[in-house]
Amino acid sequence: MNFVMERFLGGKNGAIGIAILAALIFLVLPLVLDLFRLNLVGKYLTYAFVAVSLVLLWGYGGVLSLGQGVFFGLGGYCMAMFLKLEASDPESTKIQSTPGIPDFMDWNQLTALPWFWEPFHSFSFTVLAVLLVPMIFAIIIGYSMFKRRVGGVYFAIITQAIALILTVLIVGQQGYTGGINGITDLRTLNGWDIREDSAKYILYFVNAVLLFGVIFLGRYILTSKFGRLLLAMRDKEDRVRFSGYDVSNFKIFIFAVSAMISAIGGAMFTLQVGFMSPSFVGIVPSIEMVIFAAVGGRMSLIGVVYGTLLVNFGKTIFSETFPELWLFLMGGLFIAVVLYFPNGLAGIWEKHGKKLVNCIKRMQCYSATKSLIASMRTKFGAAKQS
Amino acid sequence: MSLENTDFALAVEDLTVSFDGFKAVDGLNFYLEKDELHVVIGPNGAGKTTVLDLICGKTKSTEGSIKFKNKELTKLAEHEIVHAGVGRKFQTPSIYENLSVYENLEVSYPQGRGVFGSLMFKRTDEVDKRIREVANEIFLGDSLDMEAALLSHGQKQWLEIGMLLIQNPELLMLDEPVAGMSVKEREQTADLLNRICKGRSVLVIEHDMEFVARIAHKVTVLHQGKILAEGDMQTVQNDPKVIEVYLGH
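For the protein sequence lines, the chains are A and B, in the order given. Under my numbering, the first residue of the first sequence is numbered 1, with each subsequent residue one higher. Under my numbering, the first residue of the second sequence is numbered 387, with each subsequent residue one higher.
Hints were generated in silico from the structure; no laboratory data involved. Be careful, since some hints might not be right.
Residues from chain B shown here face chain A by an in silico Cβ test under 7 Å; the list is partial [claimed, not checked]: (1) Asn415; (2) Glu419; (3) Lys420; (4) Cys442; (5) Lys461; (6) Leu462; (7) His465; (8) Tyr482; (9) Glu489; (10) Val493; (11) Ser494; (12) Val501; (13) Ser504; (14) Phe507; (15) Thr510.
Sample of chain A residues with no beta-carbon within 10 Å of chain B, all distances over it, derived [to be verified]: (16) Leu85; (17) Ser97; (18) Gly244.
Everything numeric in this text was worked out from a predicted model, so none of it was measured. Note that the Cβ used here is the ideal one computed from N, Cα and C, for glycine as well.
Excised from the complex, chain B in its bound form:
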């Protein structure tokens, strides 16, 4: 477990998880640098979402280590991992439908996280300013008072990204952020991701190859819980193993 420290923002080493003998992730080694936007692709069941689950603590690993800024995450509780600076967006947009856009962002504001802190939490000018700032960034500046349930699917995706951005995480993990988005929304999202990956690491799971090509600094192809190929988009796309796996399905 106690592997040496590295210079990477995120270092995943020998990570394995098995569900009743089935190894969903098998001896994964994976590194992420600061300012890097890394995309994970792979056929269904390759273990992509499971990797995110393991990093954010939703699933406990069987073996291996996950170090974020040299801090071991595998033993931490979910909320402690968040406090360490890891934010994660779920595959289906996970927002609070009964609350307004403003309240969704406010609830995610990283202050008043304890029971009594939240009772005493005040909507100060600073909080208000930050909420508006993030709302503008995710193209929802005009919809702050709208009930989140009324947003379009794409807007819900943005809102969830905004709920993570307001916490200023150093590692941002996005599970299929453009699913259900129109072409124009995809373009906007690509710009958004290119903007927000500065000063932090971003890990994205995505199927849309055009979109991947627009954003990815580096691509990892996952297949049956193992890394099949890694590199820039060009290299990966021309890798015969990758072509075989994708054509085979």
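Looking at chain A on its own, in the form it has when it is part of the complex:
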């Protein structure tokens, strides 16, 4: 019990933070919002997976990846391939020249299912692929870069290039990937209609549970010696290396874990939104996700969830009223956060919020002592009189 408290929740303060966030996501939002808005929040929360992954990788590991959209996208595409195959049974695709393959393949004159689509008939394979494909991809990228000690800005630029390359690849190979439109018209998951209202509620809660799962995983990693080593490496990489650690292995590991976490978000995105397209893979979404993490506080697993929600609400509200201004506003927000609040919302809370709470506590103590003294006085007074 103690172990769980310390390692997964992050002590008493961490547990309170998690409880408040859980109350918000599991109770307040579902009760207050209508289904359309709740589904929107569900979508935002899938981005929060990426933000959480950036806390581990960027906040603690000091490795800025501007290509987390790649892993989000890979996870999302894996799930979309499964759902698309289920939606493309021979019965509902009988008007195509080749029934039984996804519609976009038919439009692109493909006459058979490509080999790499075959295993996505199986749901268990798909779940494994969602987790492992991005992870393996991250291990390959990580191995080739961290072993050569590529880091910092160079790493950020290379990950950004990879995001671009993957987008170009997906768009260019439209017969295999659905191209720029992505994989659309997804209907059922093992026969369960994911477009129904009840399904949307259920998926929202599944997503929320998974999000807390990765937050716990993140806490576990960060409270271990591994977590302290990440901080140490960010500070003084050479000192860690000359203390007997193979620094690159640690970076590869955290990069792979962050890829896996992002991919879970991507898969949940596909399930809740009902499609996946290259616009969630490329440079822009990858950078947006870094902004979510920066605004929320890149050192706080909980803060980034708030950051993601806030920025996205802001985006929805502002882009409805001032569509052209939104991007500038977002850029300005990012610069302001980096310049003035390097630890984001979580940092502001650490600095000012806690003081406020203590102040309230003290006021209570003050009034409690006052009433105690008053009651003592009356008692003593009564004793004297008698």
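Since the structure of chain A is provided, determine the placement of chain B on it from the hints.
Chain B in isolation, oriented as in the chain A frame:
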């Protein structure tokens, strides 16, 4: 490369490194025994720090061999050299400022050095005891919970020495360990070094001659990547070549 084995703890033979033709270390031969505290001195640019870089693997040598307990180090990766028993302190104190003194020592504890080992690592009583023991030795027993960034310059130097001591290295290399220390701190450090050189070899680079005289069993003077003189402090100080080099600068 494969020179004969020796009885020395550390045997550096014909070690050369050249940066674009400039030989920072030139055909260096150098031996270190167990329980020996050896100080390397020399004017700026003599190649002192480069020698440490070469031994700990930070710089790769162009030629020559470095054998530690008859194990060739030149081909090993940095962390493997550490695993072989070599610890190195950097010139400017290199500690983790965001962590507490306790965590700095814990991170350096030689267990859980792999990815999964570090995830499973537990702060056992044994670890805790060892951390406190080392902290007391480096005069930081009362500052365990302090954030390392708040330590004085001298205390940071001690902390880094402690981070090496906790690994119990058989060869300890210290690059200017008393830089920025007060007179009293220097004395404490001298005592510390005299204590910890038992059971291991210690290689120190230092400029402070008074300090060198207090600790050195043997002194090597390096000049332009080559050994100028070697012996006990007395001999070296009276060597006319050494006097010339030092006065010349």
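For each hint, the structure was consulted:
no.	hint	result
1	Asn415	violated (25 Å)
2	Glu419	violated (23 Å)
3	Lys420	violated (21 Å)
4	Cys442	holds (6 Å)
5	Lys461	violated (16 Å)
6	Leu462	violated (12 Å)
7	His465	holds (5 Å)
8	Tyr482	holds (4 Å)
9	Glu489	holds (5 Å)
10	Val493	holds (5 Å)
11	Ser494	holds (5 Å)
12	Val501	holds (5 Å)
13	Ser504	holds (4 Å)
14	Phe507	holds (4 Å)
15	Thr510	violated (12 Å)
16	Leu85	holds (36 Å)
17	Ser97	holds (51 Å)
18	Gly244	violated (4 Å)
Figure legend: structure checked against the earlier numbered hints; hints not met, in rising order: 1, 2, 3, 5, 6, 15, 18.
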